[in-house]
Each structure stands twice: as C-alpha cells, then as structure tokens.
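S.K.: What follows is the residue order along each chain.
Protein chains: 2
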Amino acid sequence: MTLANEPNRAASPKRTRSKRKGPGRPEGASVSKNDILDAAETVFANLGYAGTTLREVAAQAKVTQALISYYFGSKYGLFEAVFLRRGQLISQQRIENLEALRTHGRPKVRDIVRAFLLPTLAMRATLQGRDFLRLQSRLHTEPPEISYKLRTDAYGESTRRFVEAVREALPRLPELDAYWRVTLMIGTYLYAFSDTHRMDAMTPKGLYDPDDTDALIDQVTRFVVGGIEAR
Amino acid sequence: MTLANEPNRAASPKRTRSKRKGPGRPEGASVSKNDILDAAETVFANLGYAGTTLREVAAQAKVTQALISYYFGSKYGLFEAVFLRRGQLISQQRIENLEALRTHGRPKVRDIVRAFLLPTLAMRATLQGRDFLRLQSRLHTEPPEISYKLRTDAYGESTRRFVEAVREALPRLPELDAYWRVTLMIGTYLYAFSDTHRMDAMTPKGLYDPDDTDALIDQVTRFVVGGIEAR
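From first to last, the protein sequence lines stand for chains A and B. If you read the first sequence in this note's numbering, its first letter stands for residue 1, the second for the next number, and so on. If you read the second sequence in this note's numbering, its first letter stands for residue 1, the second for the next number, and so on.
If you're looking for bench data, these hints aren't it; they were derived computationally from the structure. Hints are supplied without guarantee of correctness; some may be wrong.
Since the list gives no way to pick one copy over another, a pair counts as held whenever it fits inside one copy or between any two copies.
[As the list claims (entries may be wrong)] With a straight-line cut-off of 20 angstroms between C-alpha atoms, the simulated SDA-like cross-links for lysine to any residue are:
#1 Lys108 - Arg161
#2 Lys62 - Ala100
#3 Lys62 - Lys108
#4 Lys62 - Asp209
#5 Lys75 - Pro171
#6 Lys149 - Thr203
#7 Lys62 - Gly87
#8 Lys149 - Asp200
#9 Lys108 - Val163
#10 Lys108 - Arg231
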C-alpha cells in the first residue's frame with residue numbers, strides 16, 4: 001500500500017510556504033513570515049530555546065527584531081509558530097495515512113508504524129526539514145512550560161488515534177502497555193531520524209551507508225514493530 | 001540474577017565525590033571540584049552547551065570564574081569533565097554487568113538489555129543524576145565537534161561489547177542489524193529515562209504512575225527485547 005509521504009514522493013516543505021503579506025507591516029521588510037520561520041528553525045535547532053535570542057534570529061533572517069516582534073510577539077510566540085508549522089502538518093499526514101489504511105480493514109502493526117513514521121521521514125529530505133527534526137528531538141529537554149503544551153497541541157490528537165489503532169491490532173495488549181509502546185516508538189524515531197551519527201561512529205568502515213534512507217526506515221520499522229508486538 | 005545497580009541498591013552519585021584539594025588553588029575557594037561539576041551539570045542540562053556560560057556556572061556554584069578556569073580550562077573542558085564523570089562510570093558498570101552474566105554462560109537478550117539499562121536507571125534515583133540524563137539525552141543535538149568525541153570516549157568500548165553480546169545471542173542476525181538494534185536501544189532509553197512527561201500528558205487519569213520505576217524498567221526492557229529480537 002502507498003501512504004502519503006513515501007520517501008520517493010516526499011512533499012517538499014517549501015510547498016507549505018505562503019508569501020502573503022499582512023497589512024501594517026513595518027517598512028523595509030522584503031522577507032516573508034515563512035523566511036523568518038526558516039531562519040528561526042535553524043537557530044532554535046542549533047542553540048536550543050534558552051540559547052536562542054531574537055537578535056540572532058533577526059541577523060540570520062536579515063530582518064529587524066521589530067519585524068519579528070510584529071509577526072510573532074515574543075520568543076515563545078516565534079518558537080510556537082516554528083514548531084506548529086511542521087508539527088501540525090506531520091500530525092495531519094499521520095491521521096490521513098491511518099484513515100487510508102482503515103479503508104482496507106483493520107490495519108496491522110507494521111502498517112500502523114509506517115503510517116506514523118513516514119511523514120517525519122519525509123522531513124529528512126531537506127536541510128530545513130532536518131533542522132526541524134533536531135529541534136523536535138531536543139524538545140523534551142526544553143523547560144516543561146515550553147514543551148508540554150506545544151507537544152500536545154501538535155501531536156496529542158494524532159498520537160491518541162495511533163494508541164487506539166495499536167489496541168485494535170493487539171486486543172490482548174493492556175491499555176497502559178499500548179501507551180508505553182507508542183511513547184517508546186516516538187523516542188526511537190526521534191533519535192533515529194535526528195542525525196545522531198552514532199552508527200557512523202560505531203560501525204566498521206564500509207558496513208553502514210548513512211545515505212541509505214530505505215535501510216533507515218526498514219531498520220526502525222522492524223525494531224519498533226518488534227517492540228510493539230513484544231510479549 | 002542480581003546485577004550492579006539494581007534500582008533498590010543504586011549507588012548514590014555522591015559516593016563518587018572527592019574532596020581532595022589540589023595545590024596552587026586560588027584562595028577563598030571552599031568549594032570542591034565536584035561541587036562545580038554538580039552545578040555545571042545542572043546548568044548544561046537546563047541551557048544546553050551553547051546556552052551555558054561560565055558566568056552562569058560560577059554563580060550557581062558560588063565560585064569565581066577564575067576558579068572554574070583554573071580547574072577545567074575552558075567551557076569545553078568543563079563540559080568534558082561533567083560528561084565523562086558519569087559516562088565512564090555507567091560504561092564501567094555496564095561492562096561489569098556483562099562480565100558477571102558471562103560467568104553463567106552465553107547471556108540471553110533480556111539479560112543483556114538489563115545489564116545495559118540498569119546503570120543508567122540508577123541515575124534517576126537523584127535529582128543530580130536526572131540532570132545528567134537530561135544533559136545526555138540532548139547530547140546528540142549538540143554540535144558534532146562537542147558530542148562525537150565525548151560519546152566515543154565514554155561509551156565506545158562498552159557499546160561495542162554489547163553489540164558483540166547481541167550477535168552471540170542471535171547468531172543469525174546480520175552484523176549491520178546488530179549495530180542498528182543497539183543504537184535504537186540507546187535512543188529508546190535516552191527518551192524513556194529523561195522525564196519527557198509524555199506518558200503523563202497522554203494517558204487517561206489514574207492509568208499511569210510516574211513514580212513506578214519497576215514499571216518503567218519493565219516496559220522499556222520488553223519493548224527493547226522485542227525490537228532486538230525482531231525478524
């Protein structure tokens with residue numbers, strides 16, 4: 001079955017850009033809101049929330065701090081916009097994938113796992129998308145007041161549906177275990193997709209190909225399916 | 001079988017402290033090297049490498065920046081000392097656990113996984129140890145020049161031994177898959193042990209007990225064993 005965001009036909013994050021310019025925008029700004037979000041995404045990914053300043057984002061985006069404040073209010077407002085821009089898209093694609101599977105009957109664990117992982121994997125196709133994955137994989141080490149609400153806003157509903165799907169596929173699995181296994185799937189993919197370079201550092205020369213995306217999705221899927229179906 | 005660092009008899013990180021004072025130390029300092037490492041661990045965990053300043057660490061430890069520079073040279077030197085202090089201890093305990101298992105024959109996957117996880121789980125017993133886990137779980141999002149060498153210095157040798165042990169337990173598993181599965185085990189536990197609060201946020205009220213450490217190790221172990229043994 002073909003799902004949205006199979007690696008080969010990954011939607012480019014560029015498509016989500018809008019060049020709409022609001023009224024009352026400070027003069028001298030030829031940079032769109034989405035260009036600022038791109039710059040901010042990179043800075044947050046590199047420096048974390050605490051380490052990021054609006055000054056640094058302004059320099060990176062080649063705009064004034066005033067323009068950033070005008071669009072996003074505060075550093076938190078900017079971070080929220082950066083996170084939700086892609087987080088909500090991923091979430092929506094996951095739900096669409098799951099709905100598509102359901103039209104063929106009750107999905108198997110392997111299909112559920114792929115429906116969950118593929119929209120994120122597609123993010124790895126661009127440098128900008130990889131910045132988002134790095135930002136996201138450090139989200140859980142950010143202060144709770146930054147991370148909890150955003151995570152729930154972006155992913156709460158879609159993740160709940162995946163827990164349901166896992167419980168339907170494995171009716172004997174206790175409810176608490178189903179939550180655990182979806183949570184551990186999330187931990188696994190956040191690490192695996194965020195370019196940790198651990199495989200490069202560890203494997204004997206020639207064994208591992210960091211550009212083999214098919215191997216990446218295959219290895220993560222098999223591990224996670226084994227974990228979810230474990231006794 | 002009982003392994004080093006079963007949760008109930010976890011070694012307190014305090015035990016690793018030394019109050020030895022070197023010669024030539026700047027005057028007016030009544031704070032030990034390990035007190036500075038504790039303070040730095042907390043600051044690095046909260047702010048990340050880029051966001052941390054020696055000024056902040058000095059304020060937290062109630063010492064002068066000069067004393068920190070005297071002991072550790074640079075910010076990188078301080079980070080290295082913080083990371084290796086516990087990283088090398090965990091690594092050594094993992095190797096001891098594996099050696100202990102080998103005296104009873106070829107270890108099973110479940111025993112190998114527990115030998116790997118328990119020394120880290122023990123870190124969760126103190127607030128200071130939890131700061132280390134948060135710092136470590138964000139290490140892979142730090143710049144490569146900070147993270148790669150430290151990770152290899154602390155964990156390279158012990159992780160290689162666990163790959164070997166997995167290959168002995170599962171002789172039909174291809175070599176590359178064994179590296180992947182140990183890598184994904186690391187991603188899973190880094191997420192699960194670093195207080196992401198995802199389970200709290202997601203589960204229906206009353207289902208999940210965040211203080212149930214036995215459930216934590218049991219859930220992570222079963223998921224990881226399923227993942228490592230997957231087809």
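S.K.: It remains to establish, for every hint, whether it holds in the given structure.
M.R.: Do the hints match the structure? See the list:
no.	hint	result
1	Lys108 - Arg161	within (14 angstroms within a copy, 35 angstroms between copies)
2	Lys62 - Ala100	neither (42 angstroms within a copy, 59 angstroms between copies)
3	Lys62 - Lys108	neither (48 angstroms within a copy, 57 angstroms between copies)
4	Lys62 - Asp209	neither (37 angstroms within a copy, 48 angstroms between copies)
5	Lys75 - Pro171	neither (44 angstroms within a copy, 52 angstroms between copies)
6	Lys149 - Thr203	between (38 angstroms within a copy, 15 angstroms between copies)
7	Lys62 - Gly87	neither (25 angstroms within a copy, 41 angstroms between copies)
8	Lys149 - Asp200	between (35 angstroms within a copy, 12 angstroms between copies)
9	Lys108 - Val163	within (13 angstroms within a copy, 30 angstroms between copies)
10	Lys108 - Arg231	both (16 angstroms within a copy, 15 angstroms between copies)
Figure legend: structure checked against the earlier numbered hints; hints not met, in rising order: 2, 3, 4, 5, 7.
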